[in-house]
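Asker: Okay, here's what each chain looks like letter by letter:
There are 2 protein chains.
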Amino acid sequence: MPESPLRVIPLGGLGEIGQNMMVLEYEDDIIVIDAGVLFAESDMPGVDFAIPDITYLVENRDKIRAILITHGHEDHIGALPYVLKELDVPVYASRLTHGLISVKLRERGALKDARLNVVEPHAPFKIGKFRVEFFRVCHSIPDAMGIAITTPLGIVIHTGDFKIDHTPADGQATDFSSLAQITADGVLLLFSDSTYAEVKGYTESEKVVGEALDSAIRDAPGRVMVATFASLISRVQQVIDAAVKHGRKVTVVGRSMSNNVNMALNMGYLKAPSGTIVSMKESRQLPHEKVIIVATGSQGEPTSALVRIANGQHQDVEVVPGDTVIISASPIPGNETVVAKTIDNLFRKGANVLYSRIAMVHVHGHASQEELKMMLSLVKPQYLVPVHGEHRHLISHASLGHSMGIPKSNTFVLEDGDVLELTAEEGKVVDSVQAGHVFVDGRYLLDMHSNIISERKRLARDGVVVVSVTLSERTGEVLTPPDVASSGFAELDESQDLFERTSKMVLTSLEQEGLGVLELDQVKAKVTDSISKFLFKETRRRPTVLTVIDQV
Amino acid sequence: MPESPLRVIPLGGLGEIGQNMMVLEYEDDIIVIDAGVLFAESDMPGVDFAIPDITYLVENRDKIRAILITHGHEDHIGALPYVLKELDVPVYASRLTHGLISVKLRERGALKDARLNVVEPHAPFKIGKFRVEFFRVCHSIPDAMGIAITTPLGIVIHTGDFKIDHTPADGQATDFSSLAQITADGVLLLFSDSTYAEVKGYTESEKVVGEALDSAIRDAPGRVMVATFASLISRVQQVIDAAVKHGRKVTVVGRSMSNNVNMALNMGYLKAPSGTIVSMKESRQLPHEKVIIVATGSQGEPTSALVRIANGQHQDVEVVPGDTVIISASPIPGNETVVAKTIDNLFRKGANVLYSRIAMVHVHGHASQEELKMMLSLVKPQYLVPVHGEHRHLISHASLGHSMGIPKSNTFVLEDGDVLELTAEEGKVVDSVQAGHVFVDGRYLLDMHSNIISERKRLARDGVVVVSVTLSERTGEVLTPPDVASSGFAELDESQDLFERTSKMVLTSLEQEGLGVLELDQVKAKVTDSISKFLFKETRRRPTVLTVIDQV
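For the record, the sequence lines run as chains A and B.
In my numbering, each residue carries its 1-based index in the first sequence increased by 88.
In my numbering, each residue carries its 1-based index in the second sequence increased by 88.
These are calculated hints, taken from the structure and not from any lab test.
Careful, some of the hints might be misleading.
Copies of one chain are not kept apart here, so a pair can be met inside one copy or by any two copies together.
[Stated by the list, open to error] Here are the simulated SDA-like cross-link-like pairs (lysine to any residue), alpha carbons at most 20 Å apart as the crow flies:
| # | residue 1 | residue 2 |
| --- | --- | --- |
| 1 | 437 | 519 |
| 2 | 192 | 351 |
| 3 | 614 | 573 |
| 4 | 437 | 516 |
Just chain A, same shape as in the assembly (with noise of 0.2 Å):
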């Protein structure tokens, strides 16, 4: 019996929905599952998205011996490149997931270093005292995997992102054979997707969003533009066959959407019959009856195609009555007041607009319920840890477990950075390593903890106030009357008259109490806050106040 615990290190995905990240430790040996990214939260101004915090595999770099990817989202992919500076790992992924992080290294200059590998399922593999295998799983990508790692206490499943889908577009269902082969022997430990577990029934097929998207078309009077993800290309697959079955002629349109649909008609995971596919300006010259526009921005995203669109700033696309539009996608939580303010606008532009709400113009691709109990029953495992969820999702899913048979002391609802360690005898948290978001702004990396982002907070409830006074360095004299000035802060008729009282409240102060005599520092913090509680006091706003004093 092997003697040391199998040790389980969620760095992201736990608590939230988003910046997947699971490690997974055996003596001298770290594997990491997924590298993604957190889409910026309100709470998060000026942040393009968070990724993983990754000190603990910093700390530990001699140890890891890859980075295993199960699909090719955003919130899975999209940390390597940031990872991938900080460690030279080897990176493991299906075909179509190598293409989609090849395209993201190289548009950063950072694909020749990258040590990028294609896996095939059932074709195991050894990484340091781990034996791995990927399985085909459903999700709303193809090439989605589940992975199978043999560890000397026994096996674990890791189901990625997964729904049961009997008639999925691609044609690939989640492969249960696989599953049942693999974890025939028993399965010491299940990470399972906990996106949709509070979610009864079973998910929708993709087969019915192909049948509502077929009767839209075919009903359509005029122009159709379909707005989805641009990773979703079994959907662009299933407009496509609509296409050709209605006699349209499909546009792509957005930089994202034309990389990756260019990317998968040459992989070969979307087929065309040639001409299908046409440039904007040879759609132009059809009559709208004939015309698709495939485009992103069903999220809302401010610089997307669709919402261009939808505000009249699309430079070839005008809506016009006759339209329809197609949603098909629901929006990610966070995003449902930009999605319902697309689509008003494109209503009022007298466009036709199908939505997730009012037609079954979309499903997601994660397990409900009864579809995370199938996994449970085949899995059958001795301990079960949710993955992929808000903390609510998480403790849906452990219910679930405990449902199945599960002992609770056997389910571990984890936070991001806990260390659980595994015997074949118990588990227990036993320690927590440095864990959380580190936000991506621009070029920059940005500390969770940062200041900057509670600056940014104060100063977009109240502005901001700045004081300049000008002393002699010989005297300490006050030389000029304080300058104010102010940004998000107060309409100028009204802070004409408050500034002229502020400057007039800083030269009192400062002659009187003979400020001038004591450090630049301290001059400074008095002055600055004397100013907040004058402002307080006459107008209840709270404004950053900045104070320079210059010296002459």
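With chain A held as given, fit chain B onto it using these hints.
Answerer: Then chain B, alone, in the frame of chain A:
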């Protein structure tokens, strides 16, 4: 036959959920229906809420005869303190609504000048050339009313917010028999609630929630906390009923909830056997399984009782394992993320949390499609104006109208500010008046196009950089190296060197280009511009740059 048209001018609530205000005008008589707030959205930084722009009403103040209020929710009464400051007009409302308005005006010292009138249902009264009659509707607050307004051109029905609930918590169903009598001779125009016009079928009855709350409270092993809207008096009654049945005491936490509960108890809208409602102090003496706490915070409001409890920051209540928390509300669009975080934090503290996604602990107060059809089929209006909803909800409602036989030419999907003129023969939009939001920011009102909002958004994105320069008034010579400060822009360690180089750059450009001879404003503009460009080149960020120039 009257020769003048009836003018319909929505000033809020069309194209958004909230800030409801409808204007009805016939010759020299205007009546206003509702005066609500719009809860601040994420693109309104630092703003408390929005109220309607009432420029049109102020310009026509002499014509305004009354403000009629349908019910006591904030999005129907919240703007009254601001509107009544500008317009000295009588307000008519049902008894509970009158109570809620009084509380609100008293808090602002504006009660004694207000001309508030209590209206009973089925008691018609005259206002100018109009005859007004309120009738009961079911909604998620007691004493909700629809309004029938007899005009020289025919009867206008405004449903207010409503649903059809045959088993409402307060026993007061939507009064169809009165409505049938009022509308027997034909109806010119129907304004009808569109909030849930996208949703098929019927809205569930409050009775279902009562049963779910009852069994949750019966089965709870320890303390129960119920979070809901402060105005949802009937939900509080259901909790009190369950408390009595299962031998628990009820404590109310939070100012707005306490105020409303006290008012409703005093007015007889809430009934509790003596001793059922206890103070926090008394409840702390009781065993946990005898306690129910009712609190606000169902929308994740940062300062609410529930959120402070969830974050471990409430002075009186600490969540312990064994507690059951019931979120008896669903998130208002835009609040999904904060509500989800609150639920997660409660789970983390060991509570069992029941919320609308996993248990039937809330139903909303708006009619679904079958109920809207019922209203249409009873009222049989000549013209339909869907109200209360985002644009796509109005569109959905208009489609329902068409399906019920109202011609497209008689259905009007309006925008706020549109002027619709109706005659016996036809209706058309003839004009558009000023309408939109006025933002309430503490004690200030901001124009919706105020620079302050866009400045705050920019500050939130990239922060602020301040540069101060002292020039000799006489020679234009720079007397000290320019001083640079910032907030929300860059980490201290990276900014130090950057700011030194910024200072040098400013100095060089001032000296080389001889800017000292320009006007002060020109110098300021030049310096600001060169700093913006320099910082963008260095950081790819676009902070707000404030330049202050002192002359000595």
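Asker: Does each hint hold? Answer for all of them.
Answerer: Status of the hints after comparison with the structure:
1. 437 - 519: Close across copies (19 Å), not inside one copy (57 Å); limit 20 Å.
2. 192 - 351: within (12 Å within a copy, 61 Å between copies)
3. 614 - 573: both (18 Å within a copy, 17 Å between copies)
4. 437 - 516: between (58 Å within a copy, 19 Å between copies)
Hint compliance for this structure: every hint is met.
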